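Trainee: Going by our numbering, the sequence shown opens with residue 1, and the numbers climb by one from there.
No wet-lab data here; the hints were simulated from the structure.
The list that follows gives simulated cross-link-like pairs (lysine to aspartate or glutamate, EDC-like), each with its CA atoms no further than 16 angstroms apart:
1) Lys251 with Asp382
2) Lys251 with Asp225
3) Lys51 with Glu28
4) Lys406 with Glu377
5) Lys7 with Asp184
6) Lys429 with Asp457
7) Lys366 with Glu513
8) Lys429 with Glu74
9) Lys547 with Asp356
10) Lys212 with Asp278
11) Lys212 with Glu337
12) Lys452 with Asp57
13) Lys429 with Asp382
14) Lys406 with Asp382
15) Lys212 with Asp274
16) Lys251 with Glu227
17) Lys251 with Glu381
18) Lys251 with Glu234
19) Lys251 with Glu224
20) Lys155 with Asp127
21) Lys406 with Glu224
22) Lys366 with Asp535
23) Lys212 with Glu276
24) Lys366 with Glu510
25) Lys406 with Glu227
26) Lys51 with Glu454
27) Lys366 with Asp533
28) Lys51 with Glu74
29) Lys406 with Asp225
30) Lys236 with Asp335
31) Lys547 with Asp364
32) Lys212 with Asp335
33) Lys236 with Glu276
34) Lys155 with Glu138
35) Lys547 with Asp351
36) Lys406 with Glu381
37) Lys429 with Glu454
38) Lys7 with Asp143
39) Lys429 with Glu28
40) Lys366 with Glu539
If you're wondering where the values come from, they're calculated on a predicted model, not measured in any experiment.
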Amino acid sequence: MMTKDHKDNMTYQVFTLIDLLYAQGVSECVISPGSRSTPLAIGAEMHPGMKTHVHPDERSAAFFALGIAKYSSEPVALICTSGTAAANYTPAIAEAGLSHVPLVALTADRPHELRDVGAPQSISQEDMYRNYTKYYTELPIADGHLSSQNLLEAKVLQGAQYFFGANRGPIHINVPIREPLMPDLTRTDLFFRSRSEPPAQITGPVPSFTFKGSGIVFIGETIEDLEGLLPLMENKGLTVITDPRQHIRMKAATVTHHDLLFGSLSEEQKAWLDNEVDFIIRIGDPFTSKALNSFLSQTSIPQYLISEHQQLKTYPKTPERVFVGSIGHILRSMDFEGGSSTVKGWFAGVDAAIRDYIMTQMPDYKDEGRFMYEMLERLPEDRTLFVSSSMPIRDVERYDVGNRHKILANRGANGIDGVVSTALGMATKTPVTLIIGDIALYHDMNGLLISKLESIDINIIVFNNNGGGIFGFLPQKQEATHYERLFGTPISIDFSHAAAMYGFNYRLVEAAEAITEDDMSAAGRNIMEIRTDRDANVESHQQLRFKVQEMIQSYGT
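Sequences and hints are given; from them, build the entire structure.
Mentor: Printed below as a string of structure tokens:
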């Protein structure tokens with residue numbers, strides 16, 4: 001039998017842990033109900049500075065927390081019970097690790113005497129996310145030793161070094177807890193700390209570096225706001241090309257139709273660029289576009305990488321030199337000499353030609369691209385657009401001619417796992433429209449529950465082509481014998497039933513002309529289903545690509 005000392009010690013440890021995390025910047029927590037995690041959940045719920053969300057599905061809960069942290073750029077905690085509950089955090093923590101998002105996984109665990117002896121709900125949880133986390137620790141069993149406060153302060157301070165800055169990312173704190181599990185609810189005096197300032201991020205001196213001639217600057221997704229670099233982008237010798245997830249494209253004249261552009265270049269045009277361009281600067285995360293990455297992997301133009309993270313992403317080609325730290329600080333310390341407006345003018349002309357072609361020719365198309373074009377044109381500028389992996393992110397990249405919206409996606413692992421939940425996490429911070437495919441929506445349909453439990457408004461637009469549409473663009477499509485069963489994977493779901501189950505308004509749209517501004521700005525929780533034909537969609541997409549390719553290859557250099 002445990003004594004009163006156990007309850008006191010456990011309460012002190014858990015409540016102090018929550019309070020220390022709050023002091024280091026954690027002000028939101030997503031809790032999945034469970035028994036072993038009782039004191040952690042109650043501690044978070046009782047803390048006066050902590051906003052809590054309750055989600056019964058751990059996998060969806062972790063992606064929900066990811067969405068909150070991704071949008072706010074602040075650490076968000078997760079609490080779950082022991083066993084496979086903790087294992088269900090793995091996909092979201094993998095995405096967080098690859099995307100540098102500071103999740104704090106607080107996993108309750110069996111005490112040591114109940115491990116590896118067949119006790120129920122016990123798996124090996126020690127450092128279970130080691131491939132993706134920046135920091136791991138396991139707390140000792142709460143025992144009231146005089147070192148407890150110092151130990152807790154040290155462990156949280158060590159973990160908090162990864163909440164902000166160039167090395168940020170998820171951390172894991174495993175907390176073994178003995179029964180009885182109820183803490184002392186009167187100990188609110190343990191919640192007394194005030195918020196600390198984030199640790200100062202020291203940016204070391206950047207060696208003087210001069211770029212000579214004409215260059216191309218590729219800017220992928222960054223955490224840092226790059227608005228201060230607008231004057232640099234006006235340099236006549238620099239062509240700036242931006243990924244859809246890079247928000248600076250909303251304020252600067254950048255090249256955005258890079259996927260169609262680089263996928264259409266003739267060998268002569270590639271040779272011309274190799275001759276005219278003196279250097280390439282890559283900033284932030286790699287681009288989504290396969291065509292662009294193919295160009296970067298093959299060109300002989302010298303490439304330089306500016307990374308805001310110490311964990312370098314060198315794909316698709318190892319750069320000649322890397323600069324790590326504040327992007328603005330690094331670029332402002334560099335000199336750019338010479339360079340003509342020839343390359344910049346050519347890219348701007350081709351980009352404008354692609355944009356004009358899409359705008360004038362879209363009425364001739366009836367595919368998913370036409371739907372995407374119409375939705376982007378009618379989406380209010382104050383709504384954030386969250387797009388799923390596979391076809392939605394690629395269609396946004398191709399058909400967004402206005403560049404008026406914040407666009408976000410999970411592109412760390414490039415998967416479709418947890419897309420609904422991530423978007424819903426963001427929807428707690430800003431109005432969100434999610435564009436997703438039927439397989440991805442099915443994959444995270446459990447995530448819809450939190451919108452009902454917490455009345456989170458979101459507009460969800462699902463392209464239902466009855467299967468994995470993106471595979472129609474890949475070589476697998478040519479193997480007709482096995483294609484439909486293994487890759488097409490028709491799931492034959494009518495999402496009106498999902499809408500009814502989770503309390504969403506539902507509308508079926510079968511023609512792009514039927515989409516209105518009211519659809520795209522609707523308040524509340526809404527699912528709009530668009531049913532399309534996979535094979536016809538591939539054919540139509542390819543038809544547009546070939547026509548754009550013909551136009552680009554005839555464009556003079």
